[in-house]
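These protein sequences, in sequence, are chains V and D. Residue 32 in the working numbering sits at position 32 of the first sequence, with consecutive numbering throughout. Heads up, the working numbering is the position in the second sequence plus 1000, with the first residue counted as 1.
If you are wondering where the hints come from, they were derived from the structure by calculation, not from laboratory data. Be aware that a few hints might be false.
Label pairs and their calculated CB-CB ranges [said to hold, decoys possible]:
no.: 1; chain 1: V; residue 1: Ala22; chain 2: D; residue 2: Tyr1593; range: 16 to 22 Å
no.: 2; chain 1: V; residue 1: Arg33; chain 2: D; residue 2: Ala1644; range: 35 to 41 Å
no.: 3; chain 1: D; residue 1: Pro1567; chain 2: V; residue 2: Asp74; range: 37 to 43 Å
no.: 4; chain 1: D; residue 1: Glu1753; chain 2: V; residue 2: Asp114; range: 23 to 29 Å
no.: 5; chain 1: D; residue 1: Ile1543; chain 2: V; residue 2: Asp74; range: 39 to 45 Å
no.: 6; chain 1: V; residue 1: Ala22; chain 2: D; residue 2: Glu1548; range: 42 to 48 Å
no.: 7; chain 1: V; residue 1: Lys120; chain 2: D; residue 2: Gln1734; range: 38 to 44 Å
no.: 8; chain 1: D; residue 1: Ala1633; chain 2: V; residue 2: Lys120; range: 44 to 50 Å
no.: 9; chain 1: V; residue 1: Asp114; chain 2: D; residue 2: Glu1762; range: 35 to 41 Å
no.: 10; chain 1: D; residue 1: Lys1547; chain 2: V; residue 2: Asp74; range: 43 to 49 Å
no.: 11; chain 1: D; residue 1: Ala1633; chain 2: V; residue 2: Asp114; range: 21 to 27 Å
no.: 12; chain 1: D; residue 1: Glu1753; chain 2: V; residue 2: Ala22; range: 44 to 50 Å
C-beta atoms are modelled at their ideal positions from N, C-alpha and C, and glycine is treated no differently.
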Amino acid sequence: MTNEKIILIVEDEKPLMNALFAKLTKEGYGLLRATDGEEGLKMALKKKPDLILTDIIMPVMDGITMLGHLREDDWGKNVPVIILTNLSDEIRLKEAQDNNVNDYLVKSDWKISDVAAKVKEKIG
Amino acid sequence: MKISLRNKIIVSTSLVILVFGFLATISVFYYARAELINSKKDVLKSQTLDLASIIQKTLDQASVVSASIARQDTVITYLSRAEPVVQDQTMLTHISHYDLGDAFLAIYLMNNDGKVLLSTDESFVGNNYGFREYFKVASEGKSYVDVVRGVTSEQVGYYFSYPVVSFGEVIGVVVIKAKPAYVHSDILSYEAVGTGHVLMVNNYGIVLYSDKEDLLLKSLGQISQEDLKEIAVKKLFDGITFEPMQYGFIHESLDGFSELETFEFFDEEDGEKEIITLAQIGEYPFFVMLEEETDDFLGAAVRLAYILAFFIVLAAFLSGFMIFVLISRYLKPLDKFKKATSKIADGSYETRLSEEGGDEFSVLSKSFNLMLDKVLSSQSEVNKKVKQQTSEIGRRQQEAEDQQKAILNILEDVEEDKELAEDVVNDLEKFKLAVENASDHIVITDVEGNIVYANHAVEEITGYKQDEILKLKAGTKKNWGGQMDKKFYEEMWDTIKNKKQIFSGEIVNKRKDGRKYTALASVSPVLDKEGEVLFFVGIERDITKEKEIDKAKPEFVSIASHQLRTPLASINWYTEMLLDDEQKNLDDEQKTYLNEIYNGSTRMVRLVNDLLNVSRLDLGRMKIQPEKEDLIAFIEDVINDVTAILKEKNGKIIFKKPKGKMITMVDTVLFSQVVNNLISNAIKYSPKDKCVITVSLAKSKGGYEMTVADKGVGIPKHNQKKIFNKFFRADNAQKISAEGTGLGLYIAKMIMENSGGKLWFESRLNRGTTFFATIPLRGMHEKEGEKGFSELG
Chain V
1 MTNEKIILIV EDEKPLMNAL FAKLTKEGYG LLRATDGEEG LKMALKKKPD LILTDIIMPV
61 MDGITMLGHL REDDWGKNVP VIILTNLSDE IRLKEAQDNN VNDYLVKSDW KISDVAAKVK
121 EKIG
Chain D
1001 MKISLRNKII VSTSLVILVF GFLATISVFY YARAELINSK KDVLKSQTLD LASIIQKTLD
1061 QASVVSASIA RQDTVITYLS RAEPVVQDQT MLTHISHYDL GDAFLAIYLM NNDGKVLLST
1121 DESFVGNNYG FREYFKVASE GKSYVDVVRG VTSEQVGYYF SYPVVSFGEV IGVVVIKAKP
1181 AYVHSDILSY EAVGTGHVLM VNNYGIVLYS DKEDLLLKSL GQISQEDLKE IAVKKLFDGI
1241 TFEPMQYGFI HESLDGFSEL ETFEFFDEED GEKEIITLAQ IGEYPFFVML EEETDDFLGA
1301 AVRLAYILAF FIVLAAFLSG FMIFVLISRY LKPLDKFKKA TSKIADGSYE TRLSEEGGDE
1361 FSVLSKSFNL MLDKVLSSQS EVNKKVKQQT SEIGRRQQEA EDQQKAILNI LEDVEEDKEL
1421 AEDVVNDLEK FKLAVENASD HIVITDVEGN IVYANHAVEE ITGYKQDEIL KLKAGTKKNW
1481 GGQMDKKFYE EMWDTIKNKK QIFSGEIVNK RKDGRKYTAL ASVSPVLDKE GEVLFFVGIE
1541 RDITKEKEID KAKPEFVSIA SHQLRTPLAS INWYTEMLLD DEQKNLDDEQ KTYLNEIYNG
1601 STRMVRLVND LLNVSRLDLG RMKIQPEKED LIAFIEDVIN DVTAILKEKN GKIIFKKPKG
1661 KMITMVDTVL FSQVVNNLIS NAIKYSPKDK CVITVSLAKS KGGYEMTVAD KGVGIPKHNQ
1721 KKIFNKFFRA DNAQKISAEG TGLGLYIAKM IMENSGGKLW FESRLNRGTT FFATIPLRGM
1781 HEKEGEKGFS ELG
């Protein structure tokens, strides 16, 4: 429990956000929360987390747009990003790849423990 | 007997004219007769073709109606019910709206066993017509049209059937039974044009319609034993024996019939020659036959010969008269001198014509005396002139004859044009009747594209009233058109006007109120005998709604899956966390319940993924992206993936693999889906401790073949036909496991077939099942698409 890595979760679905928050807190990560892309972008640039977990479909600004802006920033272009979404189509996947996304996970296909394992694999 | 020179000339000239005139008359008669027969053949041909196309349109109309009913969501929903209400009043009202002006005897819906659930004619309800060809064919997914003698009604009717399909499976059949009059009224109204007889026969040569009632249900010639057997098997005309007529030669031509055939036939019964034309009605198994006796129209040739003979006699008479007049004029002065010479010859020399006086008379006398010496030469001079005149008369006679011919030709042309014009008007009338109430937008234009006719649907679709657009150029900015780019219209005009071919394509038009719509358009030129364009017929179907639905479908699936997956993910995650957390101190019962929730929810995820994949496959949007892969290593990987479930059954997998590598192009995601499904099924449906699966792989000329064989429960015979159907699960499979969506094999088959391969099986109950999957030699076919595959959770 000495892990001081910070993860930013950008997710508009409260239950999912809470589940991820609970699980990852338990794993010993520090957590930041944002409920839409705009808020997520501001928070990311300000707090510079070690990893960003983001949804795609969100109000105000969607995850892909947020990523686009993030990748324009000097710090932001290299931060590891995992997309957690329920869309599983090629176009989105391609957009994500264009934005240097490390992983693209379909929420309902992934156990929360596997999501946590994936995070661990990325940032330890 | 002495005949004067004058009379000789007159008689001989007249005789020559009469003889040649007679010969000319005979040859003109035979020539005209042959021409008349030929032109009659042409007229009959075009009438037969017209009639065939008119009847075809009527048949098409009913076919389209049956198809429309079958595609109705309400009908599909109704037939999908476990137990549809027999004679459901709402449904009944709904389908009876399709009865076009009471043209149909009955419209009915049958379930997939052939039982009538709903019918506008109550006497059909509850009956099972599963033995009928129209049911059998439609239940195989095809549309069907034929003439059948009803079992219940004992009347001949036209049957149109169409399968009702839900998720790729035929769940019922729509049948329209039309009165014979529905089709035959086309013939009745057409008949008014010709003097001949009309018959309509089916592909067995059986007369379905005749204007002579006693010919009905006779056959053109002797029906072959084979055909008779087929008619009996299909139960088309139970209890009828077909008396053959004298048209065996036409009957024989029905096999391998080309679009149109013409026959000349000598009817021994009435000693008359007949011309018969026969045309197939579209691709339907029906033929229309027009028969005309030559005597009816050869009268014209006889009349022509009479007229010609009359003119020739007249010409002979007139030329005789003219010769008489002309010769008289030349011979008159000669006579005078002749008399004088005879006087001189008689010895009255003292009265000899005096040459004195120097007056004109003396000159004349001198001349006479001179002439006297030259009577002979004079006479020969005259003869020469007469001869000249004769040839002149001959020439004039010839001219007169030529003119006569020219006039006759013109008359004939005028007659033909008149007939043609009448035909066109009549055809147009009939066409109008047939298309006035069609649901498709139908416009007829002249060669320049100016509208001469627009049906009712034009107003409904475009908003323009008929009188607003008549004489305007069709499909321009002045009415509904002009929305496509220039190239589109240029190509269309080139196709229909220069190439004289049918143009079809999707077109965007604009309604009067400014809203745009999409239509499927087809414009065809109508040509005359010389191949010149008479007018254009344009048909458009408004497919705006269909387009919108098409566009919305994938979006709907995508949104629905997203919406479903979000709550499923939260159920899964929270359950998982509850189960993982030791500190929650859950008791065993609570844990069991939570496990049930978790299993149910993951099953739901699988179902959503399967549905998403099925929808992509159904929409043809599945992307197939093959890459180089070693099939042996690939299958070994899949086998490794299933070790967990294999252990539960204490089973083993024997992989009979060839030596070395077997490299070909496969889409790894899709093919692993197939292999995984086949192997998992084999394990799932094998009993515990007896689970031995044999997987083998081989290469042959036909491609790569993979087999997965188990010794499990097998597939019951009555389920085998449906095993690849969407959502279908075999009876014994349902008992073994309540899980399973019934989509796995459907998806596997779609993947194999979409990529050029095959998937099939052999199975025996309680002995086991073997599935065979083949990939073409050059690998899975690549296919463009938008969407990837959702792997099973």
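Here is how each hint holds up against the structure:
| no. | hint | in the structure |
| --- | --- | --- |
| 1 | V:Ala22 to D:Tyr1593: 16 to 22 Å | 21 Å, holds |
| 2 | V:Arg33 to D:Ala1644: 35 to 41 Å | 36 Å, holds |
| 3 | D:Pro1567 to V:Asp74: 37 to 43 Å | 39 Å, holds |
| 4 | D:Glu1753 to V:Asp114: 23 to 29 Å | 34 Å, violated |
| 5 | D:Ile1543 to V:Asp74: 39 to 45 Å | 52 Å, violated |
| 6 | V:Ala22 to D:Glu1548: 42 to 48 Å | 44 Å, holds |
| 7 | V:Lys120 to D:Gln1734: 38 to 44 Å | 42 Å, holds |
| 8 | D:Ala1633 to V:Lys120: 44 to 50 Å | 30 Å, violated |
| 9 | V:Asp114 to D:Glu1762: 35 to 41 Å | 40 Å, holds |
| 10 | D:Lys1547 to V:Asp74: 43 to 49 Å | 47 Å, holds |
| 11 | D:Ala1633 to V:Asp114: 21 to 27 Å | 26 Å, holds |
| 12 | D:Glu1753 to V:Ala22: 44 to 50 Å | 46 Å, holds |
Of the numbered hints listed earlier, those contradicted by the structure are 4, 5 and 8.
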